[in-house]
Each structure stands twice: as structure tokens, then as C-alpha cells.
Amino acid sequence: MTTTSDEPGLYDLLAERLPAEPETRPNPSTTLTATIETLDNDRAFAASRTGSGLLLS
Amino acid sequence: MLPLVIGVRSDLHVQAVLDHASRPIAVLDVSSLAAGRYSLFGSRLDFGDESGVKLLWTPDTPVRGWVRRVAPEDWFVGVKGESREAAVQTSWIGLITELLRAVRVEWLSHIDAIVPAENKLRLVEIAQRVGVSTPKTVVSNSVEAIRSTLGHEEVIAKPLGPGHFIDRTQAFGVFSRAVRLAEIPPGALKAAPFIFQEKLEAERHFRVVTVGDEVWSAVLEADGLPVDWRSDKLAHHRFRSVVTPAEIALGALRMTDEFGIGYSSQDWIETRDGFFLVDVNPSGQWLFLPNEIGTQVAAAIARWLVGEFN
Numbered sequence: 001m002t003t004t005s006d007e008p009g010l011y012d013l014l015a016e017r018l019p020a021e022p023e024t025r026p027n028p029s030t031t032l033t034a035t036i037e038t039l040d041n042d043r044a045f046a047a048s049r050t051g052s053g054l055l056l057s
Numbered sequence: 001m002l003p004l005v006i007g008v009r010s011d012l013h014v015q016a017v018l019d020h021a022s023r024p025i026a027v028l029d030v031s032s033l034a035a036g037r038y039s040l041f042g043s044r045l046d047f048g049d050e051s052g053v054k055l056l057w058t059p060d061t062p063v064r065g066w067v068r069r070v071a072p073e074d075w076f077v078g079v080k081g082e083s084r085e086a087a088v089q090t091s092w093i094g095l096i097t098e099l100l101r102a103v104r105v106e107w108l109s110h111i112d113a114i115v116p117a118e119n120k121l122r123l124v125e126i127a128q129r130v131g132v133s134t135p136k137t138v139v140s141n142s143v144e145a146i147r148s149t150l151g152h153e154e155v156i157a158k159p160l161g162p163g164h165f166i167d168r169t170q171a172f173g174v175f176s177r178a179v180r181l182a183e184i185p186p187g188a189l190k191a192a193p194f195i196f197q198e199k200l201e202a203e204r205h206f207r208v209v210t211v212g213d214e215v216w217s218a219v220l221e222a223d224g225l226p227v228d229w230r231s232d233k234l235a236h237h238r239f240r241s242v243v244t245p246a247e248i249a250l251g252a253l254r255m256t257d258e259f260g261i262g263y264s265s266q267d268w269i270e271t272r273d274g275f276f277l278v279d280v281n282p283s284g285q286w287l288f289l290p291n292e293i294g295t296q297v298a299a300a301i302a303r304w305l306v307g308e309f310n
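Line by line, the protein sequences are chains A and B.
For the first sequence, our numbering gives the first residue as 1, with consecutive numbering after it.
For the second sequence, our numbering gives the first residue as 1, with consecutive numbering after it.
No lab work stands behind these hints: they were computed from the structure.
These figures come from a predicted structure and were not determined experimentally.
Just to be clear, a hint being listed does not mean it is correct.
Each pair of labels, with its calculated beta carbon distance range [to be verified]:
#1 212/B <-> 19/A: 30 to 36 angstroms
#2 17/A <-> 160/B: 34 to 40 angstroms
#3 49/B <-> 8/A: 25 to 31 angstroms
#4 94/B <-> 19/A: 44 to 50 angstroms
#5 16/A <-> 290/B: 25 to 31 angstroms
A virtual CB, placed ideally from N, CA and C, is assigned to each residue, including glycine.
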């Protein structure tokens with residue numbers, strides 16, 4: 001089951017392209033949550049399969 | 001005391017801590033586990049790699065650890081959910097998480113404290129409980145509910161989930177933005193839960209870093225900046241070091257106490273009505289801040305790891 005719809009959501013409307021090199025990304029916060037919650041709930045992995053929220057700094 | 005960092009040596013934040021340590025610190029993450037030789041039996045870990053690094057971690061070994069990153073940032077990039085690759089990569093994460101939860105390690109921030117501290121709704125709930133001001137906050141997929149709760153047409157939208165994602169090879173950031181509720185397309189709130197907050201007029205942004213009971217602050221003038229200064233690359237380098245306002249110091253440490261985290265980087269704003277906490281990052285960066293802060297933060301983490309202070 002997926003909750004993804006073709007209709008644009010705020011993730012689509014508010015997203016900004018970031019520079020290609022990770023070290024230059026202007027994002028000084030990070031999250032471990034996506035990875036760890038994957039462990040605690042295998043099904044959650046489907047939601048993070050693009051790698052979003054994964055330990056980016 | 002065995003000092004341990006979960007991360008990679010090429011990470012600038014890890015390097016900064018290693019540079020300030022009075023003795024060697026072991027560094028480990030899923031990529032080094034995968035490349036080396038390991039044996040985990042109960043709470044005993046025996047690890048070695050080709051470069052000669054050896055780590056023997058037993059229940060009797062006093063270990064202090066700092067979790068920087070459990071895996072390289074590209075660990076899951078391009079991996080399709082429920083694929084064989086996903087099963088493999090998730091297995092490695094499972095192994096290191098078991099290490100993180102080993103009972104004999106004293107973590108600067110335990111992983112089970114880090115995870116809830118990254119939840120923005122939990123932040124608001126705790127802040128209210130301990131008397132720290134935050135913007136009025138609601139999560140809803142109803143424009144009417146958001147409007148009636150916040151009492152304004154223009155509000156701040158920020159993702160409840162990750163603030164970045166990769167679509168094919170392109171990375172995207174999703175920063176906090178001011179939106180007019182009437183202009184949100186029908187159906188746009190149905191796709192993913194977002195947080196909505198009252199829009200406060202920030203005069204200054206504060207980035208506040210805590211290690212134990214120590215607090216450092218840098219300030220950024222808000223004039224001319226977007227709502228979320230992180231979306232302005234140049235803004236990262238315009239912070240200047242300041243003495244932490246007493247109200248912020250007190251509030252920042254109340255939050256870390258409640259979350260049970262030994263490290264945090266926090267975002268506060270100053271308005272005409274006072275100081276408001278907008279985010280707590282239990283694994284956030286600090287090296288973009290003025291050098292005198294960056295150095296002191298790295299040194300404080302290093303001293304804690306080698307047991308030079310509690």
C-alpha cells in the first residue's frame with residue numbers, strides 16, 4: 001500500500017534544488033531518525049527508499 | 001576509558017573532534033564494519049580492519065561514545081525499498097544499532113534519546129512543559145483547521161519528515177517557508193503531513209550549541225534573509241559569536257535535560273516579544289559557525305570522550 005498520490009503536495013511545492021556536492025549543501029541540521037526507525041519498523045523503509053532523511057548533514 | 005566515535009574519519013566534524021583529543025579515539029560506522037573483520041558475541045565486540053585498527057569491546061570495558069553518523073550519507077541512495085540491496089543495507093544498520101544499544105556504553109547522546117529529540121512535535125510538547133516559548137504549532141491537512149488554530153492567513157510551513165530528499169540524482173531541500181493558506185492548492189495538504197506555525201517576525205537568529213552543561217551561541221541578523229536562513233548559503237558564514245542570553249541558555253539546557261541528550265545544536269529566534277525556540281538538532285552541525293565556537297565545541301566533545309569531564 002502506498003500513500004503517494006500524483007497530486008503535488010508541499011514536498012513538491014516547497015522543494016528547492018540543492019548543489020550536487022553533498023558537502024556544499026546548505027543544511028546544517030541532520031537526522032538519524034529515518035535510518036533508526038527503519039530498523040525498528042521494517043515497513044518504514046519503504047518510505048525512506050530514496051535515501052531522504054538519511055544522515056545527510 | 002575507551003573513546004569511540006560512530007562515524008567516518010573523513011567527516012570534518014569527526015576530524016575536528018579527533019584533532020582536539022588528548023589520545024587516540026576509535027572510529028567506527030557501518031562502512032568500516034563492512035570492510036573489516038568483526039565478531040559480536042553478547043556485549044563483546046572484536047573488530048579489526050586492514051589499516052591495523054583494533055577494537056575489543058567487552059562488558060567490562062568502560063566506553064564513552066559519540067554518535068555522529070551510523071552510515072555514510074549515500075548508504076541508501078538509489079536503493080529501492082524491499083529490494084535485495086535494501087535488505088543488505090538494512091542488515092548492516094541493524095548491526096550497528098545493536099552496538100549503539102549495548103548497555104555498557106556511556107553515550108554523549110544515546111540513540112534512543114536522539115530519535116525522539118528529532119521529532120518536532122515532541123519538541124513543542126516538551127518546550128511547553130518546561131516553560132520554553134515556541135511558535136504556536138499545528139499539524140493538519142485541513143486549511144480551515146490551520147487557519148482557526150493559528151489565527152492568521154500567512155503561516156510558516158515546515159516538513160514533519162526529512163527536510164531533504166533525492167529524486168533520481170538531484171538533491172532537494174525542503175526549508176521552512178511562509179505560505180498563504182488561501183494559495184495552497186486543493187489536495188496539497190493530503191500528500192504528506194506538514195507542520196504549520198504562526199509566523200513570528202524574527203529580528204535575529206541564534207544557533208545555540210550545547211555539550212553537557214556548556215552553551216555557545218552565534219547570532220545572525222534576520223534582516224533581508226528568508227524565513228529559514230539555511231536556504232541562504234551565504235548566511236551560514238555571517239554568524240557572529242555572542243554571549244548566550246540567559247533566557248536562551250536556561251531554555252536550551254532545559255530542553256537537553258528533558259530529551260536526555262549531551263549534545264545539541266538549537267535554532268532560536270529573537271523577536272520584539274522575546275526568544276522562541278524553533279528547532280533542536282541532536283546531531284546537527286557546528287563547524288559553519290565562527291571558528292572560536294567550532295573549536296570549543298570540538299574540544300568539549302573530545303574532552304568528554306576521553307573522560308576529562310563528566
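Original post:
For which of the previously enumerated hints does the structure constitute a violation, in increasing order of number?
Top reply: Going through the list in order, the structure violates hints 2, 3 and 4 and respects the others.
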